[in-house]
Amino acid sequence: KARLDKERDVAFDLAADLRAQLNAAKGELSQHQMTLDSAIRKSEEEKIFAVAELQEERAKNRSANKHIKMLDEVREALEIELKDEQARCNELENQKETMVLAMPEL
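Just so you know, we're using my numbering here: the sequence shown kicks off at 3 and counts up by one.
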């Protein structure tokens with residue numbers, strides 16, 4: 003009977019030790035879970051911030067592209083105007099040469 007009592011006491015001690023280890027492991031797991039949850043929240047916040055920044059950059063790019071298109075249209079219009087002016091200058095130069103040739107020498 004003494005041996006059985008001793009084995010029972012050892013079994014109870016072992017069970018108590020295992021319960022303590024289990025509780026410690028649960029506490030550690032809970033701490034890891036909180037850390038993981040915090041990291042996930044932070045990651046999600048960073049993702050939201052990055053998406054907002056990306057959307058802002060895209061809006062800036064769209065605006066810049068509109069300005070580039072507008073400037074290209076202005077450049078094309080000015081090139082046409084320049085060609086027209088060059089043609090008018092050439093015509094005036096030709097008229098001047100014709101008039102000089104047609105004038106009697108002074």
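Derived by calculation from the structure, the hints in this document are not laboratory data. It is possible that some hints are incorrect.
Unchecked claim - Result set (DSSO-like, lysine-lysine): computed pairs, CA atoms no more than 30 Å apart in a straight line:
hint	residue 1	residue 2
1	44	62
2	62	85
3	98	85
4	28	3
5	68	49
6	44	68
7	62	49
Hint check:
1. 44 with 62: Answer holds: residue 44 to residue 62 is near 27 Å, not above 30 Å.
2. 62 with 85: Answer violated: residue 62 to residue 85 is near 34 Å, above 30 Å.
3. 98 with 85: With Cα atoms ~20 Å apart, residue 98 and residue 85 stay inside 30 Å; holds.
4. 28 with 3: The given pair, whose Cα atoms are some 37 Å apart, is violated under the 30 Å limit.
5. 68 with 49: Holds, because 28 Å separates the two Cα atoms, which is no more than 30 Å.
6. 44 with 68: Measuring from Cα to Cα gives roughly 36 Å; hence the hint is violated.
7. 62 with 49: Distance ~20 Å between residue 62 and residue 49 Cα, so the pair holds.
Checked against the numbered hints above, the structure breaks hints 2, 4, 6 and satisfies the rest.
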